[in-house]
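Peer 1: Generate coordinates for the entire structure from the input sequences, incorporating the hints supplied.
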Amino acid sequence: MNYPIWVVPYLGGPWVIGIMAIIHIFISHFAVGGGAFLALAEELAYKRKDDRIYQYLKDHSRFFVLVTTVAGAATGVGIWFTISLVSPDGTGSLIQIFTLAWALEYLFFAAELATAFVYYYTWDRIDKAAHLKIARLYFIFSCFTLVIINGIITFMLTPGKWTQNHNWFDGFFNETYWPSLLIRLSIMFAIAGMYALVTSSRIKDPEFRTYMVRFCAKWLLPVFILGPILSLWYLHEVPQATIDTIFTGIQTSGVGNFSILARAVYLSLVLSGTVILFAFFGPYLNPRGFTFRIAILFMICGLAVTGTTEWMRELLRKPYVIYDYMYSNGIRKAEIDKISQTGFLQQGKWASGLAQGQDNPTARGEIVFKYQCMSCHTEKGYRAMQKMLGERDRDSIQSFLQMLKEHDKDKNPYFGIMPPLAANDDEIKDLAAYLSTLNQKKQSDASR
Amino acid sequence: MSGNTKLKNGLQAFLDERFNISSLLQIADKKKVPIHKHAVWYYMGGIATMYLAVQFITGILLMIYYVPEISSAHASILKINSKIDFGWFIRSLHSWGANLLIAILFAHLFSTFFMKAYRRPREFTWLTGLLLMVICMAFGFSGYLLPWDDVSFFATKIGLDIAAKTPLIGETVANMLRGGEHIGQATISRFFAIHVIVLPAALLALLGVHLLLVQMHGMSAPSSFNDLPEAKQTYEKFFPDFFYKDILVWILAANVLFALVMLNPWGIGPEADPFAPAPVGIKPEWYFLSMFQFLKLIPPMVGPIEGELFGMVLMGLAALGFVILPFVDNGKSKAWSRFATIFGLLILTGMILLSIWGALS
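Read top to bottom, the protein sequences are chains F and E. Sequential numbering from 1 applies to the first sequence in this note's numbering. Sequential numbering from 1001 applies to the second sequence in this note's numbering.
It is possible that some hints are incorrect.
To be verified - Cross-link-like lysine-lysine pairs, in silico, DSS-like; alpha carbons within 25 angstroms at most:
1) Lys387/F <-> Lys1283/E
2) Lys204/F <-> Lys47/F
3) Lys1232/E <-> Lys204/F
4) Lys380/F <-> Lys1283/E
5) Lys1032/E <-> Lys204/F
6) Lys387/F <-> Lys1083/E
7) Lys387/F <-> Lys370/F
8) Lys318/F <-> Lys370/F
9) Lys1237/E <-> Lys204/F
Just so you know, the hints here were simulated from the structure itself, not pulled from any lab data. Fair warning: this is a prediction, and the values are worked out from it, not measured in the lab.
Peer 2: Below is the structure:
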């Protein structure tokens, strides 16, 4: 309400963030895990004095440096653009709370970039021991970017003691910080291994290819062995309401009425199982037959499970953008009661500015819709209001909206799943007037 | 000798004595797969078999709760979808699996066709494959009516009305399938029996012959491979090398099915009302769409012949082309080979374009 609105028809703004973020996660995880891979594989080459591994690493690192620096930086900036356009209040809060952490993250990112270039351009130009040190340094810098960003991401789901004392350090080292850090590290190693399997599958010498395929496959072991334990630890630390949402989703999914969160959980589990089976029947049982095409398919599976799991993690936080503090539509939890009494269109520079002089109830309702509903819904696309409203008329929409104002689960079954509606009675009438224009029956009648 | 090895050897000896496993392993050891750039198409048959297994298993589970009775059919599907634990999952696997199976069968059929795998001595492998395709489409058609919702009812009605136009036998066959002039209880009973008994029996028998012929003749290779000097023709062992890769592809194919089921579970429309007008823009399933659209394009009368009849004769001739071609394109004549390729390309392009047109119109 304090900023302009960015309307993304059909797809919705959150999915723009989602797509950009998932691509960035693939690349950033690859950057950290790949850093560990380069350092350890180079150490192996150094100890074994194996020029074949050195040659392989030189080829491997070309694409690695290109992707992690160029695409990593581009999508990183892309995330900043999209989150500040789609969720400016949430972005503003995160910047204010973690100013120092962001500055440090930027510093380590710059150091990571510089080391990556030094690493690539000093192949065969400095002695092997010094080059190995650069590889290790790159991994350390890239790890620090993870160490910092992990604190901010986990804060959004488990802000910890920050909600009471507003000490950023308490918010940073929150309940899910350590399990999340370890899960991410194991996923990063797995992604690095899967990418290295792609490059290893192109090695011409069959004996060396078999050796490297087996070496790369071992990078998936941490996530296979530790993944389930760490996931349980992570789930143990998330808020009870989130766990209840998962279980309700799973229970109701038995009879077909299942939430998007339940779908994401199932998909993540199925895809994880696929990656395990794939790794067993592929590089482990048949390393000689692990061809380039199969390696690409394997990597797609791995990226799919990473993307789905990230999607699931994002869903765990709903309806908040910062748990128990700010809802996904940018309204702080503490402001809801006040706004409900005084009216939403009196608040915020942009929301009140847009409403000023606007007497048309439908137009005023549209402003409320765009600020309060569009952070999750679109008019006709993803989670379409048109589909959800069906053939409801204005009065029944109004009653439904009145229910969404309630803070009691017995009166409002959507409480805890959706942000409570923050609007006074007149604004609810306006919103109902606007939403009734999306009524499917009305439109089909008109088209006849 | 370790305990494990002892147990393994003992088990092997036990099985060998009773099932002659070692001779089967010897056969598997001899089986080889050509390595060439089109080898990816060899996986289609395996994927289709895997999807078929899913259809059989989920079909049996659905039969436990489905009631093939006009007043209960729709309610029983609703019950499966919303009352039976994970009934929606089994039903979605069955419905999505059927669609994926037919899509993969199309890929298998056309890849085999363009690699000219129908040539001597594999003519009957090809013909049994064609029949299997027809059976699977019949599975789709008969299964589509069983939920008894409005779309399935009217799509079946239109499908049978079109089939009735087939010269000589059309009307009789349509009446036999409907169990009279109109779609009703008799139709559900017949479609159910066909779907769960007749077609599975026919499919299993034909599949047995098809797989036996594949084993007898080995994997067919395209001419680009056969024309290579023998020293340059490379193969890999079916077992275990190709088999392990086959498993990977099955896992991926199963994943596609699971993803579709999770992200978009199969729903059900309102119960069919035979007296209500047909919903606007009713269309058959996507795999019949090209034929449906083709018939729509033909004018009501072509000279003295009724349009739909004329269209069906043309489609019949195209189908006949697929039956006859293996016997005329035997690899000896370049002209026939080129004709076969052009014929296949025309049919495939036509099917794709007409399906897209049908979906958009």
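Peer 1: Decide, hint by hint, whether the structure agrees.
Peer 2: Hint check results:
1. Lys387/F <-> Lys1283/E: 22 angstroms, holds
2. Lys204/F <-> Lys47/F: Answer holds: lysine 204/F to lysine 47/F is near 23 angstroms, not above 25 angstroms.
3. Lys1232/E <-> Lys204/F: 18 angstroms, holds
4. Lys380/F <-> Lys1283/E: 24 angstroms, holds
5. Lys1032/E <-> Lys204/F: Distance ~23 angstroms between lysine 1032/E and lysine 204/F Cα, so the pair holds.
6. Lys387/F <-> Lys1083/E: 24 angstroms, holds
7. Lys387/F <-> Lys370/F: 17 angstroms, holds
8. Lys318/F <-> Lys370/F: OK: lysine 318/F and lysine 370/F at ~18 angstroms, within 25 angstroms.
9. Lys1237/E <-> Lys204/F: 20 angstroms, holds
Consistency with the previously given hints is maintained throughout, with no hint failing.
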